[in-house]
Amino acid sequence: MLELIIIACLHGQCREFSNLYDPAEVSMLTCMMSGQTEVARWQQAHAGWQVKRWRCGIHSRQEARL
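Note that the sequence shown covers residues -18 to 47 in our numbering.
What follows is a set of in silico ranges between Cβ atoms, one per label pair, in the way DEER data are often shown:
#	residue 1	residue 2	range
1	M(-18)	M14	15 to 23 Å
2	Q25	H(-8)	15 to 23 Å
3	M14	G(-7)	28 to 36 Å
Source of the hints: derived by calculation from the structure; they are not laboratory data.
None of these values were measured; they are calculated from a predicted model.
Note that beta-carbon positions come from the ideal geometry of N, C-alpha and C, so glycine has one too.
I would like the entire structure built from these sequences, with the hints used as guidance.
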């Protein structure tokens, strides 16, 4: 699975948010090219949160269990 990871802060508390994508439908290049648009949509839906950075990566199921 591919994921778009958004690091955003609210009142000094920062969190990581993840949107998962099926690699059969979205490539790493597509994630990187359309990431800014997706982050802008996320920002509109989460008023008050300030996006610090974002990145595309490969989702690890092992990390998700921790």
